[in-house]
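Colleague: Sequence positions in the sequence shown follow the working numbering and run -18 to 126.
Rather than coming from a laboratory, the hints here were simulated on the basis of the structure.
Since this is a predicted model, take the numbers as computed values, not measurements.
Heads up, a few of these hints could be off.
Claimed, not checked - Computed beta-carbon distance windows for the label pairs:
hint, residue 1, residue 2, range
1, E(-2), L58, 35 to 45 Å
2, Q55, H(-11), 18 to 28 Å
3, G15, T49, 29 to 39 Å
4, L58, G111, 36 to 46 Å
5, V104, L26, 12 to 22 Å
Note that CB positions come from ideal geometry on N, CA and C, so glycine has one too.
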Amino acid sequence: MSSTVMRHDFQVISEAEYVPLARRETAKVLAYWGMSEEVVGTACLIISELVTNVVRHAAVLSPTATVTLAVEEQAALVLVLVLVVTDAHPLKPKPLPAAHDLGGRGLFLVDALVREVHGRAEVIPETTTGGKRIIIRLPLAPVAA
-18 MSSTVMRHDF QVISEAEYVP LARRETAKVL AYWGMSEEVV GTACLIISEL
32 VTNVVRHAAV LSPTATVTLA VEEQAALVLV LVLVVTDAHP LKPKPLPAAH
82 DLGGRGLFLV DALVREVHGR AEVIPETTTG GKRIIIRLPL APVAA
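I would like the entire structure built from these sequences, with the hints used as guidance.
Modeller: Pasting the structure below:
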């Protein structure tokens, strides 16, 4: 069982010019929480990619997206950074096996970053809007090899 230690929610408009706003807000909040530069950089990249995907693929049904940043305490006092992007489009994204000329690098990159730090990613339905939540969990404590 986990409990939320810190949480911050904000909305962004599903237009390209608001992606940097999501990145700046993420950086500001995580720095305020005392996260390392490496964690802040990784989180900002993940949030930027996920919000960009909302802009490119979900904006027609989701004029806004909600971003949630949280720190959860799990069993054995392990802290986890939780990054969530919620939109109102029902299509569940999948990382492509390889990038191509038209894009496709975003989720591929997010998936690689999550695996590198032994995190988890999941996409779950958002029942209120008919859309989805993409949830990324990144451990904040070192993982034993």
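Colleague: Given the hint of 36 to 46 Å, check if L58 and G111 actually sit that far apart at their C-beta atoms.
Modeller: holds (37 Å)
Colleague: Taking 29 to 39 Å as the hint, is the beta-carbon distance of G15 and T49 inside that range?
Modeller: violated (19 Å)
Colleague: Regarding Q55 and H(-11), is the given constraint of 18 to 28 Å on their beta-carbon distance met?
Modeller: Given range 18 to 28 Å: holds, Cβ gap about 19 Å.
Colleague: Taking the Cβ atom of E(-2) and the Cβ atom of L58, is their distance within the range 35 to 45 Å?
Modeller: Distance hint for E(-2), L58 holds at roughly 41 Å.
Colleague: Okay, V104 versus L26 on CB: inside 12 to 22 Å?
Modeller: This hint holds: roughly 18 Å between Cβ atoms.
The structure fails hint 3 only (numbered hints given earlier).
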